[in-house]
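Chains as they are written, first to last, in the working numbering: chain L, 1 to 840; chain F, 1 to 246.
Please note that a few of the clues may not be correct.
Derived pair list, reagent style DSS-like, types lysine-lysine, alpha-carbon separation capped at 27 angstroms [said to hold, decoys possible]:
no. : chain 1 : residue 1 : chain 2 : residue 2
1   : L       : Lys406    : L       : Lys445
2   : L       : Lys432    : F       : Lys26
3   : F       : Lys195    : F       : Lys120
4   : F       : Lys195    : L       : Lys738
5   : F       : Lys195    : L       : Lys825
6   : L       : Lys432    : F       : Lys164
7   : L       : Lys737    : F       : Lys141
Facing chain L, a subset of chain F residues (Cβ under 10 angstroms, in silico) [to be verified]:
no. : residue
8   : Thr53
9   : Asp62
10  : Ile92
11  : Ala122
12  : Asn145
Everything labelled a hint here was simulated from the structure, so no lab data went into it. The structure displayed is predicted, hence computed values, not measured ones. Virtual Cβ for every residue (Gly too), placed ideally from N, Cα, C.
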Amino acid sequence: MRKSNTVFTLAISRLRFHKSRTLLTGIAIMLTTMLLTAIGTVGIASFNMNRQAVLGSDYHAVFDSLTPDQADVLSKRINVEAMSTMEIFADIVNGKMNGALIYREPVRDDRLTDNDSVFGPLQMESGHYPEAEDEICSSPVFFRRIGAEPVIGGKVTLSFRVNGKGEILTKEFTISGLLPDVEIAEGIDDSRVMYSAHVSKALLNQYNQNGMYKPILNAHLRVYGEGELTYNEITDRIHTVGTDIGLSEENVILNKEYLHIMTDPDMDVIAVVAAISLIVILFSTLVIYSIYYVGVITDIQEIGKLKAIGASKRQIAKLFYCQGALVSAFAIPFGLLIGFLLPYFLFPVVVWKLSSSAINSNARDAAKDLLGQIHMFSLPFLLIVAIAVLITVWLSLLKPIRMAKKVSPVEAIRYQENTTHAKTRRGHRAVKVSTLTFANLTRNKRRTAVTILTMGLSCVLFICVSAVLSSVSAEDLARREIPEGDFRISLDYSLNDKEYPENNLENLVQQNYFNDDFLAQLSAIEGVEKIERAHGEISSSDNGSSALYIDLDGEPVCLTLSYFTREDLDELNENLVQGTIDYDRMTANREALCTHEYTFNECGLSLGDVFPLTLYDGGREIPLTVTLTALTEPDGNYPLLIVTEDIWKELGLTCDPTTDIYLHVKDSQYDSVKDALTDIVAENEHFQLYSMDVEMMIGRSSVGLTVYPCYLLLALIAVIGFINLINTMITSIVTRKKELGILQAIGLSDRQLVNMLAGEGLVFTTGTLLISLTLGNLAGYLLFRWAKDTHFMSVSRYHYPLWESIGLAVVLLGGQLLITRFMRKNVEKESLIDRIRNDG
Amino acid sequence: MKPNSDIILKTEDLCKFYGADDNLVKAVDHVDLQIRAGEFVSIVGKSGSGKSTLLHMLGALDNPTSGKVFLDGEDISTFKEDALSKIRRRKIGFIFQSYNLIPSLNVWENIVLPLGLDGKPADESFIKDIINTLGLTGKIKNLPNTLSGGQQQRCAIARAIAAKPSIILADEPTGNLDTQTGDEVMALLKASAKKYGQTLVVITHNEEIAQMADRTIMLADGRILSDGEPSRENSDAEEVAAHAKI
Numbered sequence: 001m002r003k004s005n006t007v008f009t010l011a012i013s014r015l016r017f018h019k020s021r022t023l024l025t026g027i028a029i030m031l032t033t034m035l036l037t038a039i040g041t042v043g044i045a046s047f048n049m050n051r052q053a054v055l056g057s058d059y060h061a062v063f064d065s066l067t068p069d070q071a072d073v074l075s076k077r078i079n080v081e082a083m084s085t086m087e088i089f090a091d092i093v094n095g096k097m098n099g100a101l102i103y104r105e106p107v108r109d110d111r112l113t114d115n116d117s118v119f120g121p122l123q124m125e126s127g128h129y130p131e132a133e134d135e136i137c138s139s140p141v142f143f144r145r146i147g148a149e150p151v152i153g154g155k156v157t158l159s160f161r162v163n164g165k166g167e168i169l170t171k172e173f174t175i176s177g178l179l180p181d182v183e184i185a186e187g188i189d190d191s192r193v194m195y196s197a198h199v200s201k202a203l204l205n206q207y208n209q210n211g212m213y214k215p216i217l218n219a220h221l222r223v224y225g226e227g228e229l230t231y232n233e234i235t236d237r238i239h240t241v242g243t244d245i246g247l248s249e250e251n252v253i254l255n256k257e258y259l260h261i262m263t264d265p266d267m268d269v270i271a272v273v274a275a276i277s278l279i280v281i282l283f284s285t286l287v288i289y290s291i292y293y294v295g296v297i298t299d300i301q302e303i304g305k306l307k308a309i310g311a312s313k314r315q316i317a318k319l320f321y322c323q324g325a326l327v328s329a330f331a332i333p334f335g336l337l338i339g340f341l342l343p344y345f346l347f348p349v350v351v352w353k354l355s356s357s358a359i360n361s362n363a364r365d366a367a368k369d370l371l372g373q374i375h376m377f378s379l380p381f382l383l384i385v386a387i388a389v390l391i392t393v394w395l396s397l398l399k400p401i402r403m404a405k406k407v408s409p410v411e412a413i414r415y416q417e418n419t420t421h422a423k424t425r426r427g428h429r430a431v432k433v434s435t436l437t438f439a440n441l442t443r444n445k446r447r448t449a450v451t452i453l454t455m456g457l458s459c460v461l462f463i464c465v466s467a468v469l470s471s472v473s474a475e476d477l478a479r480r481e482i483p484e485g486d487f488r489i490s491l492d493y494s495l496n497d498k499e500y501p502e503n504n505l506e507n508l509v510q511q512n513y514f515n516d517d518f519l520a521q522l523s524a525i526e527g528v529e530k531i532e533r534a535h536g537e538i539s540s541s542d543n544g545s546s547a548l549y550i551d552l553d554g555e556p557v558c559l560t561l562s563y564f565t566r567e568d569l570d571e572l573n574e575n576l577v578q579g580t581i582d583y584d585r586m587t588a589n590r591e592a593l594c595t596h597e598y599t600f601n602e603c604g605l606s607l608g609d610v611f612p613l614t615l616y617d618g619g620r621e622i623p624l625t626v627t628l629t630a631l632t633e634p635d636g637n638y639p640l641l642i643v644t645e646d647i648w649k650e651l652g653l654t655c656d657p658t659t660d661i662y663l664h665v666k667d668s669q670y671d672s673v674k675d676a677l678t679d680i681v682a683e684n685e686h687f688q689l690y691s692m693d694v695e696m697m698i699g700r701s702s703v704g705l706t707v708y709p710c711y712l713l714l715a716l717i718a719v720i721g722f723i724n725l726i727n728t729m730i731t732s733i734v735t736r737k738k739e740l741g742i743l744q745a746i747g748l749s750d751r752q753l754v755n756m757l758a759g760e761g762l763v764f765t766t767g768t769l770l771i772s773l774t775l776g777n778l779a780g781y782l783l784f785r786w787a788k789d790t791h792f793m794s795v796s797r798y799h800y801p802l803w804e805s806i807g808l809a810v811v812l813l814g815g816q817l818l819i820t821r822f823m824r825k826n827v828e829k830e831s832l833i834d835r836i837r838n839d840g
Numbered sequence: 001m002k003p004n005s006d007i008i009l010k011t012e013d014l015c016k017f018y019g020a021d022d023n024l025v026k027a028v029d030h031v032d033l034q035i036r037a038g039e040f041v042s043i044v045g046k047s048g049s050g051k052s053t054l055l056h057m058l059g060a061l062d063n064p065t066s067g068k069v070f071l072d073g074e075d076i077s078t079f080k081e082d083a084l085s086k087i088r089r090r091k092i093g094f095i096f097q098s099y100n101l102i103p104s105l106n107v108w109e110n111i112v113l114p115l116g117l118d119g120k121p122a123d124e125s126f127i128k129d130i131i132n133t134l135g136l137t138g139k140i141k142n143l144p145n146t147l148s149g150g151q152q153q154r155c156a157i158a159r160a161i162a163a164k165p166s167i168i169l170a171d172e173p174t175g176n177l178d179t180q181t182g183d184e185v186m187a188l189l190k191a192s193a194k195k196y197g198q199t200l201v202v203i204t205h206n207e208e209i210a211q212m213a214d215r216t217i218m219l220a221d222g223r224i225l226s227d228g229e230p231s232r233e234n235s236d237a238e239e240v241a242a243h244a245k246i
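All chains should be modelled from the sequences, with the hints used to inform the complete structure.
Shown next as C-alpha cells:
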C-alpha cells in the first residue's frame with residue numbers, strides 16, 4: 001500500500017515537473033478521444049438522419065405495372081400488412097411542362113385500429129381529395145404553373161393524353177383541395193420539374209368504361225415481419241408475394257434504404273466509422289508512443305537514479321502506467337466533451353447549409369424537420385471510445401516501459417541519446433547549420449521515421465477522404481446532361497408515338513432542325529464561342545424480336561442507335577463490364593456495344609445476342625444486323641446501343657441525325673446568351689434547353705446531403721493532423737531545450753537556430769508530403785474505386801484532390817514555420833543559462 | 001596592474017539580482033573587475049557565491065540587471081542577441097562542467113562547430129594540432145557518448161580553443177572528473193591557453209587549480225572578497241604540466 005502510494009506521488013510530481021511533456025501527452029490523448037468521439041457522433045447522427053429520412057417513406061416495396069385484378073388479389077394476401085395504390089391516369093399536355101394526372105387510394109393498413117388514418121395518406125392543406133369526376137387537387141404551385149388561381153372551387157382547364165398516348169383531350173376541372181405549397185428554386189427549367197395533380201376514381205372509371213383508359217397500378221406496400229425478419233428474409237417474402245400474383249421480378253422495386261435501416265444497423269456507416277477509427281487509433285498510438293519514447297530517453301538519468309535507490313522494474317512500469325492513467329483521467333473527459341459538442345453544433349449547421357441549396361422547399365423543410373429529431377448522444381458509444389483510448393495509451397506505453405525497465409543505474413549517469421548504437425560517425429570536415437539538422441535527424445532514425453509516419457498517416461487519411469470527396473462532384477452530375485460546353489439544345493422527340501407520329505425521331509430528323517442556318521443563327525449570338533454537334537442518333541427497331549425492342553404490352557418499339565469514335569475508346573474501356581472492345585474487329589464484324597448495365601440485365605440480354613435492326617433515316621429504312629459483344633457503363637451520354645463510327649458512316653444517312661448541340665460561351669456573356677437561347681428555344685416546341693448553371697444547382701443539391709458531413713469529418717482530420725504536426729514540432733524543440741541552449745552558448749545565432757529548426761521541419765514536412773501524396777493518393781484512388789463500385793455518393797469520375805493537396809502542402813509548410821518561430825520565442829522565455837542547466 | 005590598454009575584460013558596477021523585496025537574491029552585487037589579455041584568472045568561492053553568474057555575464061550568456069561588461073573595450077551589455085552570438089563564437093570559448101557536447105556530432109564536428117557557425121573554414125592544421133595536444137587523435141570520429149569524462153572534457157576544451165577566441169571561460173571544468181584526470185585536463189587547458197595566447201578565466205572549487213592561476217578572485221555573496229595572486233605554497237602546477245607532457 002505504501003509502495004503504491006509512493007509511486008503514485010512520484011508519478012504526480014513527475015507530471016508536474018515535466019509540464020510541457022504532460023501537456024503534450026494530454027493534448028494528444030484528448031485529440032484522439034475527440035476525433036474518435038467526433039467521427040462516431042457524426043456516424044450516429046448520419047445514421048439517425050438516414051433513419052429519420054426513410055421513416056417518411058415507410059413502404060417496403062413498390063409493385064409496378066399491376067392490373068386492377070392483381071392489385072385486388074394483392075390487397076387480400078395474408079402477408080400484406082399495408083397497401084396503397086397509385087395510377088397514372090394521363091400525361092398533362094401544356095407546352096414543355098412535365099405533368100401527370102394521378103389517382104391515389106389507400107387500400108389497407110392493418111397496423112391501425114383507427115380507420116381515419118391509413119397507409120400513405122396525403123396531407124391535405126385544405127379541402128378534400130377529388131371524389132366527383134371533375135374534381136382535382138394539387139399543390140398551389142401546380143395551379144400557378146398552369147395559370148390558374150389556387151382556390152378551392154376554382155376552375156382549371158387541362159389538356160391531357162390518357163395513358164400517355166392517344167388523342168389530346170381537354171377538360172374543365174374544379175379544385176376540390178389543396179396540398180401543401182412547394183417553392184421551386186429560381187432558374188430551374190420546366191423540363192427538370194415533374195408536376196402532378198390528383199383526380200378522382202370516378203374520372204378513371206368513366207374513361208375506363210368507354211375503353212379509353214387502361215388502368216396500370218403501382219402499389220406501395222408493407223409486408224408483415226418488420227422487426228423480426230432479416231433483410232434477406234423480408235425481401236424473400238416481398239418477392240414471394242409478387243410471384244404469387246404473377247408479377248415478374250423486375251416490377252418489384254424494393255425500398256432498399258428503408259429495409260436496410262429497419263432490418264440491419266447501417267453496415268456501411270458502421271464500416272466506414274470503424275475503418276476510420278482504426279486508422280485514428282493507429283496514428284494516435286504512434287503519436288502518444290513517440291512522446292513517451294522521447295520522455296523515457298530524456299529521463300534515463302532519473303530512471304537510473306530511481307533504480308539506484310532501489311526501485312524495482314515493476315515499480316518503474318507502474319510509475320509510467322500511473323502517469324498515463326493520470327493524464328488520461330483529465331484528457332479523456334475533455335476529449336469526449338469536445339468531440340461530442342463539435343458535431344453536435346456543426347452537424348445541424350452543415351445539414352442546414354446544404355439543404356438551403358435544394359431545388360425545392362420540400363427538401364429544405366424535410367431537412368429542418370430531420371434536424372429536430374436527430375439524436376447524437378449514446379452513452380455506450382462514449383464508453384467504448386474511452387476504453388479504446390485507454391487501450392491506445394496502454395499500447396503506446398508498452399515499448400517505452402520496456403526501455404525504461406532495461407535502464408541500468410550505471411548507464412543512467414552517463415547516458416546520452418545515441419545513434420542506433422553506432423560508436424562513430426563519419427561526419428563532415430566542416431560543420432554547417434545543415435550538418436546540425438541532418439545530424440539530429442539521423443541521430444535516431446527510428447524516431448524520425450516514426451514522426452514522419454505519424455504525421456504522414458493523418459495526412460494520408462486527409463488525402464484519401466479528399467480523393468473521394470473531390471470526386472463527388474456536382475459538375476460530374478451536371479456533365480451527364482451537358483457533356484460539353486455551357487448549354488445543350490436538345491431535340492425533344494418521341495420514338496413510339498402512334499397517335500402523333502410527327503413527333504417521332506425519324507420524322508423530326510426530316511425537318512432538319514439543326515441545319516447550318518440554325519447553327520449560324522446561334523453562332524451570331526454575341527458571346528457564343530463554339531458550337532458542337534453531338535454524335536447523331538437515329539431510330540432503330542428489330543420489330544419486337546428482342547426483349548430490348550418490346551414495351552410492357554409486348555408491342556414492338558423503336559430505340560435510338562448511335563456510334564462511338566476511336567477517341568471514345570478509353571472511356572468505354574475504362575468502364576467495361578463484360579466482353580472486349582476492339583474498334584477494328586467491331587467494325588469488321590458489325591458488332592454493337594450496350595451502354596447500360598441495368599437494362600442489359602433487366603431485358604435478359606447476353607453477349608452474342610444478334611439484333612436484325614431496321615434503321616430509320618427519315619422515311620428510308622436501312623437494314624443492319626449487329627451482334628452484341630460488349631457491355632460498358634460509361635459516364636457519357638450514349639444511347640443504349642452504339643456501333644463504331646465506321647459502321648455509322650457506311651449507313652450513308654441522308655437526314656441530319658443530330659439530336660443535340662453543345663454551345664461554349666464566354667463566361668462574361670453567359671447570362672445574355674442564356675436569355676437569347678431561351679427565346680430561340682421557345683420558338684420551337686421540339687427544342688429543349690439545358691444550361692450549366694441549372695444543372696450545377698441540381699447537382700449540388702443532390703450531392704450535398706452526403707458530402708457536407710464528410711467535409712466536416714475531413715475538417716476534423718485536418719485539424720487533428722495539424723495539431724499532430726504542432727505536437728511533433730513542440731516535442732522536438734522542448735525535449736532539446738538544453739542542446740539548443742548549448743548551441744547558442746557556443747555561438748549559434750537566432751537566425752541559424754531558426755534555419756536549423758526549419759530545416760528539420762522541412763524534412764518532416766517533405767517526408768510527410770511524400771507519404772501522403774503517394775500512399776494517400778493510392779489509398780484515395782482505391783477508396784474511390786470502392787465508392788464507385790458501391791455507387792457511394794454517386795461518384796463516377798476520379799478527380800485528383802489537387803486543391804486539397806496544395807492546401808495540405810501550404811498548411812504543413814506554413815504551419816511548421818510558424819510553430820518553429822513560436823516555439824523559439826517560447827523557449828527563449830527561459831534564460832539561456834537555465835536551458836543549459838536543464839536536465840529534463 | 002598593467003596599463004588599461006591590456007584590459008580584455010572589464011566589469012563596472014555589475015549586478016545580477018533575482019526576485020524582489022524579501023525574496024531578492026543578489027547573485028552578483030556591484031562587481032568591478034579587470035582582466036588582462038593572456039592572464040589566467042581563477043574565481044573561487046562557496047556554492048551560491050555568484051561565481052557562475054559572474055562568468056555567464058562575462059561570457060555574454062546572461063544579461064546583467066545593471067552595470068556594464070566591456071569586452072575588448074566594447075560594452076557588450078547593450079548588444080543585441082545576434083551581436084552577442086557573434087561574440088560568443090568569435091571571441092569567447094566556453095567550457096562547461098558537464099561538457100555539453102552535441103551528442104549527434106562526432107569529436108571533430110564538435111570541435112569545428114563554432115567555426116562552422118561563423119561560416120569560416122576550419123584551419124585543419126591548427127585543429128589537428130589542438131587534437132594532438134589534447135590527446136584525442138584516435139578519437140575524432142567517435143561520438144561523445146563513447147568517450148570517457150576526461151576525453152569529453154578535452155573535446156570541450158578543443159572546441160573552446162578551435163575558433164582561436166581571445167578568452168576562454170571555464171565553469172568548473174574538472175568538476176565531473178576524478179582528481180588525476182581533472183589535474184591533467186586543467187594542465188592541458190592552461191598549457192593550450194598559453195600556447196595560443198588566450199586569456200583563461202576558470203571557476204573552481206579546487207584549491208590546487210586556483211593555485212595554478214596568475215590571479216585568484218574570491219567571491220562571497222556576490223561581492224569580491226579578495227583579488228590577487230594566489231599563495232604559491234602548495235602549487236604543483238608545473239609538476240602537473242610536466243606529467244601531461246606538453
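Status of the hints after comparison with the structure:
1. L/Lys406 x L/Lys445: Roughly 21 angstroms separates the two Cα atoms, so the pair holds.
2. L/Lys432 x F/Lys26: The hint is violated at about 40 angstroms.
3. F/Lys195 x F/Lys120: Cα-Cα ~22 angstroms, so holds.
4. F/Lys195 x L/Lys738: violated, 32 angstroms
5. F/Lys195 x L/Lys825: violated, 41 angstroms
6. L/Lys432 x F/Lys164: Holds, because 18 angstroms separates the two Cα atoms, which is no more than 27 angstroms.
7. L/Lys737 x F/Lys141: Within the cut-off at roughly 25 angstroms; holds.
8. Thr53: It holds, given that the least Cβ distance between threonine 53 of chain F and chain L is near 8 angstroms, below 10 angstroms.
9. Asp62: Result: holds, 5 angstroms to nearest chain L Cβ.
10. Ile92: holds, 8 angstroms
11. Ala122: Holds, because the Cβ-Cβ distance from alanine 122 of chain F to chain L comes to roughly 6 angstroms (cut-off 10 angstroms).
12. Asn145: Given a least distance of 4 angstroms, the restraint on asparagine 145 of chain F holds.
Comparing the model with each earlier hint shows violations of hints 2, 4, 5; every other hint is respected.
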